[in-house]
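Enquirer: Chain by chain, the residues:
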Amino acid sequence: MAEKKLNVLVGGEAGQGLATLGPILVKSLVRAGYHVVVTQSYQSRIRGGHNTFAIRVSVDKIAAPREAVDILVALNAETVALHRGELASRGVVVVDETFAISGDGVLVVPYKELAAGRYRNVASLGIVSYLVGLDERVVADVVAGYFGKKKKELEENRRALERAFAWAAGVDTSYQRSLVAVDEPPKRLTVNGNEAVALGAMSAGAKFCPFYPMTPSTSIPLTLIAHAEDMGLVVEQAEDEIAAINMALGASYAGAPAVVATSGGGFALMVEGVSLAAMTETPVVVVVAQRPGPATGLPTRTEQADLEFVLCAGHGEFPRAVFAPGDVAECFYLTRKAFELAQNFQGPTFVLTDQFLADSYRAVEPFDVGGLPPVGAYAAPLEFAEPYARYAVTESGVSPRLLPGASRHLVVVDSDEHTEDGHLTEDLDARRRLADKRLRKAAGLRAEVIPPRYEGNERPELLLVSWGSSAGAVAEAAAALAADGVRAATLHFSQVWPLVPSQFVNRLRGAKRSVCVEGNATGQLARLIRAETGLDVGERVSRYDGLPLTPEYILRELKK
Amino acid sequence: MAEKKLNVLVGGEAGQGLATLGPILVKSLVRAGYHVVVTQSYQSRIRGGHNTFAIRVSVDKIAAPREAVDILVALNAETVALHRGELASRGVVVVDETFAISGDGVLVVPYKELAAGRYRNVASLGIVSYLVGLDERVVADVVAGYFGKKKKELEENRRALERAFAWAAGVDTSYQRSLVAVDEPPKRLTVNGNEAVALGAMSAGAKFCPFYPMTPSTSIPLTLIAHAEDMGLVVEQAEDEIAAINMALGASYAGAPAVVATSGGGFALMVEGVSLAAMTETPVVVVVAQRPGPATGLPTRTEQADLEFVLCAGHGEFPRAVFAPGDVAECFYLTRKAFELAQNFQGPTFVLTDQFLADSYRAVEPFDVGGLPPVGAYAAPLEFAEPYARYAVTESGVSPRLLPGASRHLVVVDSDEHTEDGHLTEDLDARRRLADKRLRKAAGLRAEVIPPRYEGNERPELLLVSWGSSAGAVAEAAAALAADGVRAATLHFSQVWPLVPSQFVNRLRGAKRSVCVEGNATGQLARLIRAETGLDVGERVSRYDGLPLTPEYILRELKK
Amino acid sequence: MVKIKDYGTYETAWCPGCGNFAILEAVKKALVSADLEPHQVLFVSGIGQAAKAPHYLNANVFNGLHGRSLPVATGAKLANPELKVIVQSGDGCTYGEGGNHLLAAIRRNVDLTMLVHDNLVYGLTKGQASPTSEDGFVTKAQPHGPTAEPFNPLAVAVAMRASFVARGFSGEVDHLAELIEQALAWRGFSLVDILQPCVSFNKVNTFAWFKQRCYILPADHDAGDFDAAMKKAYEWGARIPLGVIYRRESDSFEAQFPAVAAGPLAGQEVDRAALATVFNKYA
Amino acid sequence: MVKIKDYGTYETAWCPGCGNFAILEAVKKALVSADLEPHQVLFVSGIGQAAKAPHYLNANVFNGLHGRSLPVATGAKLANPELKVIVQSGDGCTYGEGGNHLLAAIRRNVDLTMLVHDNLVYGLTKGQASPTSEDGFVTKAQPHGPTAEPFNPLAVAVAMRASFVARGFSGEVDHLAELIEQALAWRGFSLVDILQPCVSFNKVNTFAWFKQRCYILPADHDAGDFDAAMKKAYEWGARIPLGVIYRRESDSFEAQFPAVAAGPLAGQEVDRAALATVFNKYA
Ligand SMILES: Cc1ncc(C[n+]2csc(CCOP(=O)(O)OP(=O)(O)O)c2C)c(N)n1
Ligand SMILES: Cc1ncc(C[n+]2csc(CCOP(=O)(O)OP(=O)(O)O)c2C)c(N)n1
Ligand code: SF4
Ligand code: SF4
Ligand SMILES: [Mg+2]
Ligand SMILES: [Mg+2]
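Protein chains in written order, with the numbering used here: chain F, 17 to 576; chain G, 17 to 576; chain S, 30 to 312; chain Y, 30 to 312.
Treat the hints with care, since some could be wrong.
Said to hold, decoys possible - The calculated label-pair distances, taken between Cβ atoms and stated as ranges, are:
| hint | chain 1 | residue 1 | chain 2 | residue 2 | range |
| --- | --- | --- | --- | --- | --- |
| 1 | G | Val521 | F | Val502 | 28 to 38 Å |
| 2 | Y | Tyr263 | S | Glu163 | 25 to 35 Å |
| 3 | F | Leu551 | G | Ala18 | 56 to 66 Å |
| 4 | F | Glu94 | Y | Val167 | 26 to 36 Å |
| 5 | G | Arg449 | F | Gly550 | 15 to 25 Å |
| 6 | S | Ala214 | G | Ala97 | 43 to 53 Å |
It is worth saying that the hints were derived from the structure and are not from the lab. The structure presented is a predicted model; accordingly, all values stated were derived computationally and were not measured. We treat Cβ as the ideally placed atom computed from N, Cα and C, and that holds for glycine.
Just need the whole structure built from these sequences, with the hints factored in.
Expert: And the structure:
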């Protein structure tokens, strides 16, 4: 019987080729019409250690990773030792004959007959592809795309793939876990969270990205660089994160929509610059891909513990908007929204992701270029009083913004308190007027808030509250509860600041029992909700061991 | 009739000697047995502009500055123009004859007959001293102490003082505002907030203070340097604030209790280091003297707008304690407490002051050296398991701390997640255990919280809630209301984190009307209280024009 | 033709007698000689007394954070290569808090001019030692003088083979104006360290002190010769050379970015067709 | 007598073939030759592959933040001058993020040894250019090579007349161990830039590449001669000199603090009488 859902876990050392095998397998699955949710787990080292690449694949839409493994592809023996316990019933383990591992469901592969050492990951790819019922041509195409220009490598890999498929065709069918075939697979993109952020930024009109490498954010600038020439982007490695955000502000001031991406420690160094963006009223999008802290913490793992930090980062008071995408498509659309608000309200906006989402490949509906106006592009104001004053006081708090050098008008911006024309002042009335002007922008931002998404029973006995990347796990946990007859519902925040209580307090009040599910130890969203509404989200499910929330984890914790 | 209270305002350009005149006058008043509250207002420039030094002086204890001026000492004509409107009835204005200003209450002084230009500030000092009834010998003594080693200067200043007293003795007695004399004045210290922080740190056993200059914090390290040789302190100017906090952590790790002091922008650069202190469990006291932001803002003015920033500064989750002294004596004692908690709980603690308090001289009861054990001194643990593990997991979360080099035991600390012995790990169980250990320290910190101070009517119709340096203004405003028959009370937080709701929720619930009085625009304490208790402090009085809260301001706003 | 008065006159917050006035005058002269109109010029500064300078003339201004002027200037120049970008800040700002950015700017060779008002002290924060303060310079923060040796910006810049390294003095306004003009005309990063008395906090390196020591480099100084430049960079004490110390033609930073070569980024629309092609790579 | 085995053996997270192994070995050898016991030594590091090194031997360790090892080390040394403080970190950590602290450490001349594992690349973050990466070094982040000229740490250190400036190579372990021993014996700040292949991300500056070019400076190199040192600091390409490039006796930083001269600060009680006197000054 063909499967509608499967969970494939590939494990091995860093350097054994997971980072090639995984994305190729995923892209093949997406091209064959399946949905996927990828979870990458790796260590802060380049060779050795233990890494995994888990692909949950399904004929229907799915939103979260799962724990039980249907096919375990072990590139080394340690993988079997570590993950055998996670096997579902009828689970298959694919091993090399040299591991000397056997038993029920263990498929022993004579890799040395299929490929030389360097190409064994592609041989593994072939075998698992066969087991899940992928068409060899689909996989071969993806392989061809991947090794594209490197002729010799491509040849060797292609051969390994072929041999693997051929060998696999000969094994006992009990090892097969064929997926139900999808007829006429629709075109979808295979994108991870970081790529989606980068693509969203490009589509929004980003022109400038200065960066300092920091896991798990680095692939955002790397994706931008990969397309820099085609898209007319400037991407420059900065000497440190302080330089990165200040370069972004300089560029943005001069008219180039700018984005910076980093993680907690790098963001800590940008905090002064965030305050500068607010004071000078310079648009900038700041992407923070969270990882477990404090300090260096677990640099390659995931956590949702920088919410309060990002909300309060920067000295002095100023409005901001903070988005927390719940999936890869939202990474794209909310990054665009962050650009839009940064430009329209002239200040810093934030996109808060995490390692899980950053590295999680998904099948995404194609973005419609036609429907994506570049929101980031600078639009000259239609009118303004002369002599031009950069900080003319307005009702909305937003002042007409000109660009330096673009006309004879001078554009003067200042990190000190200033008069309307941008020159520094110590006049305390001016201070108050200008501070009020800046703070008035909060109302405009509030008017644009994306309300939290409510789903499920209208009179729930259990309401799960969540934010950011845990959206999928929470949704699937709620679905599982509903299937068990529990009147469950979810309230999910993809924008975490500002909050507009009227959008959701009734939902909180309407639930018999409510539980805040967060990837942190102290319950930061719960605290935020109480700060804004006075309401207590009674209980908590917390995870802070570096791994993403899963439906199973949530269900286990709820039972405790 | 002699006065029990007076408000003296001295105004002039930067460079005219206010910074000499003011402190000498204050110290003289304190030596004569009076209480004082000083408010300094100056600009971000070295010469010119307009600065004021306001001394509220009283026979009885006082807590706040006041707005109505009894004696206006104008070192330039502009001062009269700017401040004449603030005069109380029967107010006196002291001017130079060259200003060509006259009128009721204007005392025209022929300064050029009394002293050469450089010494006119001391001539002014003499005149105002005479007017308030100070004994010439008291003032002359303070002058002698001030110019101590500079013989020639001392001579010139002494002469100016003498001439001024002599001249003043001849003026109409209607200009006099003699204070009620204090018999046998008790010994008190004349100290401002920054000095008190520095003295508190020294008494607590601070040994190391790396700093980067930043108004209004700079006089903390300068005070420490002034006593460095006597007290065996190491004070070093760092290349930047990042270096400052990292140097502090290195020194603290090696056994020297360390303190850093800065303001918002400099603190922004220390945020990564704060997180490092938490992860490595290294004690450090961080003093943040607030000024108006965002960014450079108003560098020499006051504000209370970095509360949330300090509460949430640093990536990842970790416990901390944040003190906000309400007066100068508290600057001393709470800095000591911050050292105590930093050492006992092995992590970062904070002292949050502001420009008003930092520069505000007060008459302080002498500190009793005998009763001040050096809390900061490192105490070797009585027992620990061998082999020594820096992060041994304990019930309290606090691990026995040894110093590197002090024994054969090796002390290994790490910014990455680590095992108990301090070596970096990627073991996710260890992560959880160590994170739990660190977070458990929160309970210990909570047990030591200084409860908010409640004063006034037990069933108030009006409760004023406040934190930090506005304590005095709020107390005096409440007293004024009470005098008017209003059942008023105050709830004041000198420790703003952690909060223990049980210590104060009944007070909030018991008030008919409650108003949060804060030196910021968005009501940060009110938000914090709601986050921790769910309770709404209904109304707000906010000030964010760079000036400190005064009783009059609060009363005016309450009437609105 | 641009005139001095196009750059306006402003009240300043500087002390009477401060060297900053003469530097401001020299800057204006250089701008006029270079025939630059106010709107063509962008001044970027940090925080300090020197960093206030751009507020005292007509131009585009980005007055940013203490120590962070160079990254802002770099970003602005990349976004709009048509702007003439001038950075103005103090010795503390540039060589202290901002040291790492100076190293990076020299290495990048961005086309901008860095004017350092070097008064050998932190002026605005009331007289602490700066990186350039000399041995034995006593302040309230350094009661026995600085604990570290003075930073020699010229020597470091020369050692890094910076593109254009010069020293001026506020007491030689015409020479300084000329030097700034040369720096403005230079393609690439130009560093001009400008000696400046601080009458309020530097009672050692006074106007007279500088005047006595500073001399204008003779025409035969070969700014292209590394060794000669290094020697001049180290001349300090009895005699202090003024002029272009070192000069080296090298590749322009901005030219490496095709988008920048196409003019101001603000004017470049998002190419929808290219975007569609990019999206397709993920299919 | 201290033995190599006192420093232990640990499993590492480095790639097989990495130059870090040899550096670790050389460090241990130097410690043994210097007869330093593990508890007498403090290693401070930042973040990166190199920065993990101190975890792989027995000693006191403060593994701090990326780029911030030098300030931590400076603080620790001031707090306990009896510790032998060694800083170990990568080229990115030290010359990139930490550039400003390197300038300050050289100027301060704190008595500590800075070992830079210079693999000309950011290893741990998977192969971006570092400040020392050469022109044309292609990476995913630098598809046309670095946009800035390489940083020459030796030239900058010499230009600042740093106290002790040396270069080692992981492929010459004995020479490197000796160099480190000299650095440890040196009173003041010693900088040892250690060339190191990164087998995973630097396919240009490989072991063979270094081996072919590196030579040990002849005995007649005068490390006291500024010009000769500057020349050697710039030798790169066909031949790369190893050894002590520059050396200059200069005053110790710590000696300026009387409290530090009195030994570890942790052992110094608060002087109650002095405190009372201080309080009294405010009366
Ligand atoms: C991050 C930060 N740290 C410290 C300060 C305080 N600060 C303002 S100006 C200044 C020093 C200025 O010295 P310099 O750059 O030499 O300029 P000058 O005033 O001498 O012209 C300092 C330390 C600040 N504004 N921001
Ligand atoms: C503030 C901060 N920014 C960025 C990082 C990410 N990071 C970790 S190691 C590293 C580069 C390491 O390069 P290098 O110092 O040369 O060491 P190597 O790995 O090559 O030995 C970076 C950028 C970080 N940990 N902290
Ligand atoms: S303090 Fe010094 S640098 Fe600043 S304005 Fe006055 S004289 Fe000039
Ligand atoms: S990535 Fe390079 S530097 Fe890091 S361990 Fe591997 S070979 Fe060594
Ligand atoms: Mg200066
Ligand atoms: Mg490196």
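Enquirer: Hint compliance check: list the failing hint numbers for this structure, sorted ascending.
Expert: 5
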